[in-house]
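Engineer: So you can see what is in the structure, the chains are spelled out below.
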Amino acid sequence: TQLLEQSPQFLSIQEGENLTVYCNSSSVFSSLQWYRQEPGEGPVLLVTVVTGGEVKKLKRLTFQFGDARKDSSLHITAAQPGDTGLYLCAGAKDSSYKLIFGSGTRLLVRP
Amino acid sequence: DTEVTQTPKHLVMGMTNKKSLKCEQHMGHRAMYWYKQKAKKPPELMFVYSYEKLSINESVPSRFSPECPNSSLLNLHLHALQPEDSALYLCASSQDLGIGGVGGYTFGSGTRLTVV
Numbered sequence: 001t002q003l004l005e006q007s008p009q010f011l012s013i014q015e016g017e018n019l020t021v022y023c024n025s026s027s028v029f030s031s032l033q034w035y036r037q038e039p040g041e042g043p044v045l046l047v048t049v050v051t052g053g054e055v056k057k058l059k060r061l062t063f064q065f066g067d068a069r070k071d072s073s074l075h076i077t078a079a080q081p082g083d084t085g086l087y088l089c090a091g092a093k094d095s096s097y098k099l100i101f102g103s104g105t106r107l108l109v110r111p
Numbered sequence: 112d113t114e115v116t117q118t119p120k121h122l123v124m125g126m127t128n129k130k131s132l133k134c135e136q137h138m139g140h141r142a143m144y145w146y147k148q149k150a151k152k153p154p155e156l157m158f159v160y161s162y163e164k165l166s167i168n169e170s171v172p173s174r175f176s177p178e179c180p181n182s183s184l185l186n187l188h189l190h191a192l193q194p195e196d197s198a199l200y201l202c203a204s205s206q207d208l209g210i211g212g213v214g215g216y217t218f219g220s221g222t223r224l225t226v227v
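So the sequence lines, in the order shown, correspond to chains A and B. Once you know that position 26 of the first sequence is 26 in the numbering used here, the rest is easy, because the numbers rise by one and skip nothing. If you want the numbering used here, it's the position in the second sequence, counting the first as 1, plus 111.
Just chain A, with the same shape it has in the complex (with noise of 0.2 Å):
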């Protein structure tokens, strides 16, 4: 069972469209990360968001933390094809040292 759950799984969107990806669970998280990974590359740090509905924007996207601090939200405005790679959510519990990463969300961006 992912205790981090995220949709759509995969996403093929033309350029200039927006799109918005989710990822939720059951239980509350002290703060989320999202992160993008590239093929054969390492995911890198977008955003860390760390209150109750906090709000950021970086550029095109903003991120969303839920009030209840139970999921997130990532939303991409006119989308380019640099933007294709795999989305990922992340988050660690008060109590505990792992960072634990969504089930991700691939996302395509076609010229």
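The hints are simulated quantities; they were obtained by calculation from the structure and are not laboratory data. Treat the numbers as computed from the prediction; the structure is a model and nothing was measured. Each hint should be verified, as a subset may be incorrect.
Unchecked claim - With the C-beta cut set under 7 Å, the calculated list includes, among others, these residues of chain B facing chain A:
# : residue
1 : H137
2 : G139
3 : A150
4 : L156
5 : Y162
6 : A191
7 : G215
Backbone N, C-alpha and C define an ideal beta-carbon position, used for all residues, glycine too.
Assemble the complex: chain A is given as a structure, and chain B must be docked to it using the hints.
Structural biologist: For chain B alone, kept in the frame of chain A given last:
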């Protein structure tokens, strides 16, 4: 230096071989990690080191043996692996344990291991 360097990038080994994966960081991070990633799956935690001491072993088979010789180096010794152990092995480091602070984890590019 803001990188985690992993060597080799690719490794093919037989089931009776002994090999080692190496990981190095010079960011002064005190926590280092080994993750295993199968194709189209998220990374799975294997081991966590904090201040050069093993903090977490996620019930990993003994054919994988981690070692942290100093605060900058992390090794993963491999012996008598099975074909199902073929995967991308990722090393990561962070300033602190857990989510690693706002800076998160810094990952290496990984070693793609094939066991034949």
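Engineer: Under 7 Å is the threshold here; is the Cβ of Y162(B) close enough to any Cβ of chain A for the hint to stand?
Structural biologist: Since the shortest Cβ distance to chain A is 12 Å, the answer is violated.
Engineer: Minimum Cβ distance from H137(B) to chain A below 7 Å?
Structural biologist: Violated: closest Cβ of chain A sits about 17 Å from H137(B), beyond 7 Å.
Engineer: Taking the least C-beta to C-beta distance, is G215(B) closer than 7 Å to chain A?
Structural biologist: holds (4 Å)
Engineer: Less than 7 Å between beta-carbons is the criterion; does A150(B) satisfy it with respect to chain A?
Structural biologist: This interface hint is violated because 10 Å lies over the 7 Å limit.
Engineer: Does the CB of A191(B) sit less than 7 Å away from some CB of chain A?
Structural biologist: Nearest chain A Cβ about 27 Å off; hint violated.
Engineer: Would you settle whether the hint for G139(B) is holds or violated, based on the nearest Cβ-Cβ distance to chain A being less than 7 Å?
Structural biologist: Nearest chain A Cβ about 17 Å off; hint violated.
Engineer: Under the criterion of a CB-CB separation shorter than 7 Å, is L156(B) in contact with chain A as hinted?
Structural biologist: Given a least distance of 6 Å, the restraint on L156(B) holds.
Against the hints set out earlier in the document, violations occur for numbers 1, 2, 3, 5 and 6.
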